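Line order of the protein sequences matches chains U and E.
To get this note's numbering, take the position in the first sequence, counting from 1, and add 195.
To get this note's numbering, take the position in the second sequence, counting from 1, and add 8.
Read the hints as simulated data drawn from the structure, not as lab findings.
Quantities reported herein were computed from a predicted structural model and do not represent experimental measurements.
By construction, the Cβ of each residue, glycine as well, lies at the ideal position given by its N, Cα and C atoms.
Check the hints yourself; a few may be wrong.
Claimed, not checked - Reference excerpt, derived from the structure (chain E facing chain U, CB under 7 angstroms, subset only):
(1) Val84
(2) Glu85
(3) Gly147
As the list claims (entries may be wrong) - Computed list of lysine to aspartate or glutamate pairs in EDC-like fashion (alpha-carbon distance at most 16 angstroms, straight line):
(4) Lys122/E x Asp139/E
(5) Lys174/E x Asp204/E
(6) Lys409/U x Asp95/E
(7) Lys318/U x Asp533/U
(8) Lys513/U x Glu170/E
(9) Lys524/U x Asp95/E
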Amino acid sequence: MTKNRLQNYLRFCFQNNQSFQDFWKQFSASYCVTIPKWILASTKTVVLVTVLLICFLPMLPGLSGLLLAAFDFNPLLNQFHWSLSGFVRLFHFPGIGQSILMTLNVSIISTFLSVLISFAILKRWYQSTHWQKIENAIAPILALPHVAFAIGFAFLFTPSGFISRLSFQLFDIILFNDVQIIKHQLGLIIGLTLKEVPFILFMSIALLKQLNIKQSFQCAQSLGFNKHQVWLKIIFPQWLPKMRFAIIAIMAYSLSVVDVSLIIGPSIPSTLPVMIWSWLNDSDLNKHLMAASGALVLVFICVVLVYTVIFIEWLLLKKWVSWQFSGRKTLTTFKGIDLLARIGLGNLGIVSVLLMSSVSLIMIVIWSLAKRWPYPHILPSKWSLQFWQSELPYLFDTFLTSIGLAILSASIALLLVLVLLHVNNRNNANKCNQKRHLLIPLILIVTPIIAPQLSILLGMQLASIYLGADNFYLWVLWSHVFFVFPYIYLSLDGPWRSFDQRFNKVGLSLGKSPFFVWRSIKMPLLMPAMSIAMAVGISVSLAQFLPTLMLGAGRIATITTEAVALSSGQDRRVMAIYALLQTITPLFFFALALFIAKRTGPLESRQTFSGFNKRDSLSVSRNA
Amino acid sequence: MNNLKINNLTLRDQQGNRLISNLTFEIKAGEVLSLMGPSGCGKSTLLHAIAGHPLNDFDVLGEVSLNGKLLNSIAVEERQIGFLFQDDLLFPHFNIWQNLAFALPDSIKKRQRKEQALVALEQHNLLMLADKNPSQISGGQRARISMIRLLLAKPRAVLLDEPFNKLDQQLRQEFRQWVFDLIKQNSLPVLMVTHDQEDIPLNAKTIIWPTNLSSILKEQEQIC
Numbered sequence: 196m197t198k199n200r201l202q203n204y205l206r207f208c209f210q211n212n213q214s215f216q217d218f219w220k221q222f223s224a225s226y227c228v229t230i231p232k233w234i235l236a237s238t239k240t241v242v243l244v245t246v247l248l249i250c251f252l253p254m255l256p257g258l259s260g261l262l263l264a265a266f267d268f269n270p271l272l273n274q275f276h277w278s279l280s281g282f283v284r285l286f287h288f289p290g291i292g293q294s295i296l297m298t299l300n301v302s303i304i305s306t307f308l309s310v311l312i313s314f315a316i317l318k319r320w321y322q323s324t325h326w327q328k329i330e331n332a333i334a335p336i337l338a339l340p341h342v343a344f345a346i347g348f349a350f351l352f353t354p355s356g357f358i359s360r361l362s363f364q365l366f367d368i369i370l371f372n373d374v375q376i377i378k379h380q381l382g383l384i385i386g387l388t389l390k391e392v393p394f395i396l397f398m399s400i401a402l403l404k405q406l407n408i409k410q411s412f413q414c415a416q417s418l419g420f421n422k423h424q425v426w427l428k429i430i431f432p433q434w435l436p437k438m439r440f441a442i443i444a445i446m447a448y449s450l451s452v453v454d455v456s457l458i459i460g461p462s463i464p465s466t467l468p469v470m471i472w473s474w475l476n477d478s479d480l481n482k483h484l485m486a487a488s489g490a491l492v493l494v495f496i497c498v499v500l501v502y503t504v505i506f507i508e509w510l511l512l513k514k515w516v517s518w519q520f521s522g523r524k525t526l527t528t529f530k531g532i533d534l535l536a537r538i539g540l541g542n543l544g545i546v547s548v549l550l551m552s553s554v555s556l557i558m559i560v561i562w563s564l565a566k567r568w569p570y571p572h573i574l575p576s577k578w579s580l581q582f583w584q585s586e587l588p589y590l591f592d593t594f595l596t597s598i599g600l601a602i603l604s605a606s607i608a609l610l611l612v613l614v615l616l617h618v619n620n621r622n623n624a625n626k627c628n629q630k631r632h633l634l635i636p637l638i639l640i641v642t643p644i645i646a647p648q649l650s651i652l653l654g655m656q657l658a659s660i661y662l663g664a665d666n667f668y669l670w671v672l673w674s675h676v677f678f679v680f681p682y683i684y685l686s687l688d689g690p691w692r693s694f695d696q697r698f699n700k701v702g703l704s705l706g707k708s709p710f711f712v713w714r715s716i717k718m719p720l721l722m723p724a725m726s727i728a729m730a731v732g733i734s735v736s737l738a739q740f741l742p743t744l745m746l747g748a749g750r751i752a753t754i755t756t757e758a759v760a761l762s763s764g765q766d767r768r769v770m771a772i773y774a775l776l777q778t779i780t781p782l783f784f785f786a787l788a789l790f791i792a793k794r795t796g797p798l799e800s801r802q803t804f805s806g807f808n809k810r811d812s813l814s815v816s817r818n819a
Numbered sequence: 009m010n011n012l013k014i015n016n017l018t019l020r021d022q023q024g025n026r027l028i029s030n031l032t033f034e035i036k037a038g039e040v041l042s043l044m045g046p047s048g049c050g051k052s053t054l055l056h057a058i059a060g061h062p063l064n065d066f067d068v069l070g071e072v073s074l075n076g077k078l079l080n081s082i083a084v085e086e087r088q089i090g091f092l093f094q095d096d097l098l099f100p101h102f103n104i105w106q107n108l109a110f111a112l113p114d115s116i117k118k119r120q121r122k123e124q125a126l127v128a129l130e131q132h133n134l135l136m137l138a139d140k141n142p143s144q145i146s147g148g149q150r151a152r153i154s155m156i157r158l159l160l161a162k163p164r165a166v167l168l169d170e171p172f173n174k175l176d177q178q179l180r181q182e183f184r185q186w187v188f189d190l191i192k193q194n195s196l197p198v199l200m201v202t203h204d205q206e207d208i209p210l211n212a213k214t215i216i217w218p219t220n221l222s223s224i225l226k227e228q229e230q231i232c
């Protein structure tokens, strides 16, 4: 068809004695209309399909495998009939009601508290002179892995933990004997809340910079609103919708978390995901059936909760909107809100987040160096490096596996993201191929973050068994790529969008090829963002617990899986060593990324030491 | 009658340098006092000081009083001084009528708020904008809504911080006239900062800012 057109044009042009330039103009115009539909679009389709296959395909076997298993449909066992027996067994399991209720409690309360405390902290501190310090403290706290934090948290709050020792020494009171925090839903709620607040704060930093806070305040104050009222009526309604994704992400995480829950969560009965996890590790096939049914229930709960979050947001900001402009006093004088301000939730929140995170880390360090630390003592009675030395041979192998897996999966994911960003560029205003522009919706990309990990993995695991369970290293790698991909995408989407497209145009107009322009202009300029994204990817991969165990059939050990496995044992020193290693490794990659980031990118950002840092690049990147 | 009085106002930075020294003037109801000067000389800082916004780098000395009441220790939101900024600053999560309803005094309740907002729009023949988003209407319209919103909060004095700056020539003329007419109708004292001679209304008092930041201020009647 294209060829025909070309011939027609040639004939037309020469018949009419048109100049070559005119011909070229017309030809290129038609090129633009016809060829992209055919060749360009097809290459793009191929690329997109490839990315889809690798990154989104797992969701299909994930979901279908889960559905099949949940309804007891198992071709391998020649079971070709549907049954609800899994669900029947599930709901007759002793303690299941309590377990589900607890799971809901943990998820809803910790999410609500995280949002509330984060907003209180923002309200209290954002305009103060100390905010910069808080902002600087958030990134390293965020880099602290959940598992390591949970271990440190447990060191603090167990009946023989540091706080109990402290209270015994100082006030002669034995804490946590009657009221337990660790191994109770209370501990899980507090732990998750403390860990998620920095995440929401971090996501808010970039947003608040866009919101024009200072001027909004000046303007609203000149209209007679005080600061408290402005935060509630002007900032909150703009902040909440932008936090939707973050809120859903932490909610889904707290709903389906296994590793943290194993360490600090309740045990008899445990939360639903932990129960499912234990059934999966059972040899009884009926338990597997229950696990699959349970995982489906988890998906269902997750969907309901996601819609609840969206519904509450809609109620507050769309339906009952009038509180926002019904005057200065409505709602701001409401007792509950007033009380929260008076007890200083903002102060309390930031102090406990900073204190808990740092003290947890200190606990881990001390335990890893302790030899003997009998109960009421504040500090170990004997110190030693003995356990580091004895663990070293095992550590080394595990460490190499973890790092290898992390670097490999992050590299693959980065490559895929780069390809996707190139093809799927939301910024591309090229009118010629606009119609053919197939955009992968953001919701699909972030699904691995907002769907219950356990449920997806359960399906993936079943699929991998059908396809060949022996290649477990490959399966683990694939699952890591799958979970790393959205994080890398989110960190790069912002910088990619804010990249000035005119640089490309200048490069091309100077007679350089598109690839040359990409390689020598776009890549170097976006290098800081890429190195940070790579570090984010590596840290995400390093923290994966369920994918490594479930798809590796327990054959692949990483520092994270070891840390969790050891946490059920008695030896706190070895546990501390793994937790510490789990903390240091991603930090090392972040430091490396910062080092690279400061030496690449635009010259202006290289000159000053503070010109570019992780916070800036991430804050740009996270506002997808 | 409303009047805004500035007595011995001094702005001093952390090093002790004086941006403004001992500035004294009085603006009566319906009067416009213009402050002229190049950009970056601290005119806006003065307005923010009068409005009561916290200034990070300056100490404010001297007295600001409105209708005989000393404002120095009164919070920004209770000073009853309207502030028109260079940008319209319509809140992006409200539509036009909601932006106006937001500013209405607390004494107006519930349904009344929407009605009053719509009445205000109708008075200025802008009723068709009521349900639009701020981003959907033109710059000139946004500027007008911003001014209407200011007046709905029932200020006792108005500060204008180069409010015509971002409008093009044609709009600027119209909008300027409209603003000054409104101010006259409401008999409010107005302090306006500008760097454009044309912004100054006929027979208005003008303070011309010296280019160096010395302490001498010339006050003169401008005769057009």
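Here is what the structure says about each hint:
no.: 1; hint: Val84; in the structure: 4 angstroms, holds
no.: 2; hint: Glu85; in the structure: 5 angstroms, holds
no.: 3; hint: Gly147; in the structure: 17 angstroms, violated
no.: 4; hint: Lys122/E x Asp139/E; in the structure: 11 angstroms, holds
no.: 5; hint: Lys174/E x Asp204/E; in the structure: 12 angstroms, holds
no.: 6; hint: Lys409/U x Asp95/E; in the structure: 13 angstroms, holds
no.: 7; hint: Lys318/U x Asp533/U; in the structure: 13 angstroms, holds
no.: 8; hint: Lys513/U x Glu170/E; in the structure: 35 angstroms, violated
no.: 9; hint: Lys524/U x Asp95/E; in the structure: 27 angstroms, violated
Consistency with the previously given hints fails for numbers 3, 8, 9, ordered from lowest to highest.
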